[in-house]
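Place chain B on chain A using the hints.
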Amino acid sequence: MRAQFVLSEVWIGLRRNLTMTVALIVVVAISLSLLGTGLLFVKQVENTRTYWQSRVQLSVYLCTPTDVAANCQKNGGVTPAEVAAIRNELLATHDTTSVQFVTADAAYQQFRQEFANNEPIVKYTSKDQIPPSFEIRLKNTEADAAQVTEVMDGAPGVSQVVDDASILDQFYKLLDGARNAVVAIAIFLLVAAILLVANTIRLSAFNRRRETSIMRLVGASNFYVQLPFLMEGMIAGLIGWLVATGLLIGVKSVLLSSLQSIFPYGVTLSTADLVEVIIVAMITGLLICGSTSFLTLRRYLRV
Amino acid sequence: MIHFDNVTKTYANQGRPALESVNLDVEKGEFVFLVGPSGSGKSTFLRLILKEERPSSGRIHVAGKDLARLTNWKVPHLRRRIGCVFQDFRLLPNKSVYQNIAFALEVIGKPRRFIRKVVPEVIDLVGLEGKRDRMPDELSGGEQQRVAMARAFVNRPMILLADEPTGNIDPATSIGIMKVLDRINRTGTTVVMATHDAAIVDSMRKRVIELEFGKVVRDQSRGVYGQAY
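Chains A and B, in that order, give the protein sequences. Residue 0 is where the first sequence starts when you use numbering that gives the first Met the number 0, and the numbers rise one by one after that. Residue 0 is where the second sequence starts when you use numbering that gives the first Met the number 0, and the numbers rise one by one after that.
So here's chain A without its partners, still in its complex pose (with noise of 0.2 Å):
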């Protein structure tokens, strides 16, 4: 094996067939960053599930004397002796691992520590619009929270009943929508890329055929005429992985942070995920380079 006869080969291969190579390289790139999106997107989810699958809650709102949903406006605020009344039909009747009143008090300071750094909502919300409310933990989240929600549901001193599943669920709606976008024009880059590959090799073995055709005549082994050809792929598409690679990490730093200033809702992406999914990437890009190479050399270069 002459590793310096091989590299010096590729190398003349690759400046040879410039422009396909770039072209190959930036197909690469931006295919492997948008399936490397994808992945991001698909692991944002799941984080977000799982975060939240134990947090879920349903929460059971109640009157305040402004309150202007129908069922406030006959009495005005929540009465004790109301409060009392769905603490025991919650207790009683329902699967609930947890019950907890949050007086009016503990939901407007809850509601200033979360909206600290948005000072007008903070300034003109006055304290008797914060409602107290119950907050509920299901042992069954998804059958229980409909059975919970119809019984509470205009039942004396209750304004509204939240499932916080369903203001999740539109975030989730957004991710996956977005996910399947990038992934379908992943797939459709990928494909462009084989195409590309096959072609830059066979352009490649096409200008290296005086080249080629010596070297099975003086008895070079198939490996030693096919390497050259084979890593000329695998480098271009090496490259396009590092240039995937610096996109992705500007994706997951600029693009889901900023998704996640706009959906409050905890959960950053960790460099662990980043790097599975550049790994990924790259045994993709390898892939798809390595075994399209292959398979145009054994139709262009038979011996």
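I should point out that these hints are in silico values taken from the structure, not numbers from a laboratory. Treat the hints with care, since some could be wrong.
Derived list of chain A stretches under chain B, where covered just means 3 residues or more per stretch with a C-beta under 8 Å from a C-beta of chain B [to be verified]:
{"id": "1", "region": "191-200"}
{"id": "2", "region": "203-214"}
Estimated spans, in silico, between C-beta atoms of each pair [as the list claims (entries may be wrong)]:
{"id": "3", "chain 1": "B", "residue 1": "ARG112", "chain 2": "A", "residue 2": "LEU17", "range": "30 to 36 Å"}
{"id": "4", "chain 1": "B", "residue 1": "ALA171", "chain 2": "A", "residue 2": "ASN206", "range": "36 to 42 Å"}
{"id": "5", "chain 1": "A", "residue 1": "LEU241", "chain 2": "B", "residue 2": "HIS60", "range": "51 to 57 Å"}
{"id": "6", "chain 1": "B", "residue 1": "GLU137", "chain 2": "A", "residue 2": "VAL274", "range": "53 to 59 Å"}
{"id": "7", "chain 1": "B", "residue 1": "ALA171", "chain 2": "A", "residue 2": "LEU17", "range": "53 to 59 Å"}
{"id": "8", "chain 1": "B", "residue 1": "ARG133", "chain 2": "A", "residue 2": "VAL274", "range": "36 to 42 Å"}
{"id": "9", "chain 1": "A", "residue 1": "LEU241", "chain 2": "B", "residue 2": "ALA171", "range": "55 to 61 Å"}
If you want the ones that stay clear, here's a sample from chain A, every Cβ over 12 Å from chain B, calculated [said to hold, decoys possible]:
{"id": "10", "residue": "ILE11"}
{"id": "11", "residue": "VAL44"}
{"id": "12", "residue": "PHE110"}
{"id": "13", "residue": "PHE114"}
{"id": "14", "residue": "ALA115"}
{"id": "15", "residue": "SER256"}
Cβ coordinates follow ideal geometry from the N, Cα and C atoms, glycine included.
Relative to the frame of chain A, chain B by itself:
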């Protein structure tokens, strides 16, 4: 060294076989001229020896190997023992004389020290001293063919196949080419040369095998180009 046993080769879509029932033996160290008009089967004969084609029937042995039983991945090893020279030289235009010859060794994985030693020797053997750094387009046709012969011989093959090596070269220069081939033959290498060049065949007085329509019509030691003359 080369043994053809009732070999017939018919190409697909062609009625008449390119070679028909050919039986012949070429011994180690022989010098053989292969003559006959275009399309008589000379090139097919050479391609069969290299296993670039497979015979439709019959058996071929080259250098003690039965080609029918040689697996595809061993074909390169067969070709390392056979040198080839062509009418059109087939040099790499972007490599110098030295690089063209070294290329044949590099691609079969020979160590650089070995290449540095043998390439200058073979350059001397073909008479190109002092031209090792010239590019092919700076050389005459005869000189280019010498480079091609050096490349074919540098790995010391057992057999050298030459397909009309003087076809593109004037008669005076051809004599020099034949001298080199003769020199290679004297090292013990078997030489098979397909040619149309009557003057050369007549002057060398070597074994002559004549093909016509794919059949051996004459096999004569110390022969001449045409029987009629």
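Here is what the structure says about each hint:
no. : hint                               : in the structure
1   : 191-200                            : violated (count 0)
2   : 203-214                            : holds (count 5)
3   : B:ARG112 with A:LEU17: 30 to 36 Å  : 34 Å, holds
4   : B:ALA171 with A:ASN206: 36 to 42 Å : 37 Å, holds
5   : A:LEU241 with B:HIS60: 51 to 57 Å  : 53 Å, holds
6   : B:GLU137 with A:VAL274: 53 to 59 Å : 56 Å, holds
7   : B:ALA171 with A:LEU17: 53 to 59 Å  : 45 Å, violated
8   : B:ARG133 with A:VAL274: 36 to 42 Å : 54 Å, violated
9   : A:LEU241 with B:ALA171: 55 to 61 Å : 60 Å, holds
10  : ILE11                              : 9 Å, violated
11  : VAL44                              : 50 Å, holds
12  : PHE110                             : 76 Å, holds
13  : PHE114                             : 72 Å, holds
14  : ALA115                             : 71 Å, holds
15  : SER256                             : 52 Å, holds
When the structure is compared with the earlier hints, violations turn up for hints 1, 7, 8 and 10 and for no others.
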